Amino acid sequence: AQSVTQLGSHVSVSEGALVLLRCNYSSSVPPYLFWYVQYPNQGLQLLLKYTSAATLVKGINGFEAEFKKSETSFHLTKPSAHMSDAAEYFCAVSDNTDKLIFGTGTRLQVFP
Amino acid sequence: DGGITQSPKYLFRKEGQNVTLSCEQNLNHDAMYWYRQDPGQGLRLIYYSQIVNDFQKGDIAEGYSVSREKKESFPLTVTSAQKNPTAFYLCASSIGTKPRETQYFGPGTRLLVL
Chain A
55 AQSVTQLGSH VSVSEGALVL LRCNYSSSVP PYLFWYVQYP NQGLQLLLKY
105 TSAATLVKGI NGFEAEFKKS ETSFHLTKPS AHMSDAAEYF CAVSDNTDKL
155 IFGTGTRLQV FP
Chain B
4 DGGITQSPKY LFRKEGQNVT LSCEQNLNHD AMYWYRQDPG QGLRLIYYSQ
54 IVNDFQKGDI AEGYSVSREK KESFPLTVTS AQKNPTAFYL CASSIGTKPR
104 ETQYFGPGTR LLVL
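Chains A and B are the protein sequences, given in the same order.
The working numbering applies: residue 55 is where the first sequence begins, and numbers increase by one.
The working numbering applies: residue 4 is where the second sequence begins, and numbers increase by one.
Derived from the structure by calculation, the hints contain no laboratory data.
Remember, predicted model here, so these are calculated numbers, not experimental data.
All the given hints hold, so there is nothing to weed out.
Derived BS3-like pairs: lysine-lysine, alpha-carbon spacing no greater than 25 Å straight-line: (1) K103(A) - K123(A); (2) K103(A) - K101(B); (3) K153(A) - K74(B).
All chains, full assembly: derive it from the sequences and hints.
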């Protein structure tokens, strides 16, 4: 069965620092992987997705993620954090079923 | 503008009452979904529909019901059988249900119990 683990329910960084949000997945077949962002009391917005075309995926707002099959990981990074990046981030996996499985989320705080 | 609308933004339920959450999309998507979000638990799938007049249970369907009479509408009813309904409810849609397809989300409805 497919599953997603997000390490760290809370991550804090200073403005301008590197952002690294971790996501590990479990899937019996090549997965499709997604990162979504959620601002307070709003729905989820797609940041980026991996669909096997390229292992390094670039998304909106300067975020990118790298698919590493050997590590079963799809970590999200951004070189320089901005105050507006403060939000909750969800990793999700989909394989050969018609369901999307979400991780429990990581709340990112950005300090000035 | 194409998108997904959910109403109301906040909903209050009394003991023993059924309430219905609205979800409408004008994206011409075939598939629609309902998720429940609780703090620290991520999103859990309640029901989904791949086509009009058809829907399937998700992981936590007990105490909920849905209908899909029109392509653009997928209302969710929280019945009195759902004993812990307080949560943030999110509706989503996608073009189809193939694994690579993106799900697009509405702004959510927060349900509170009086």
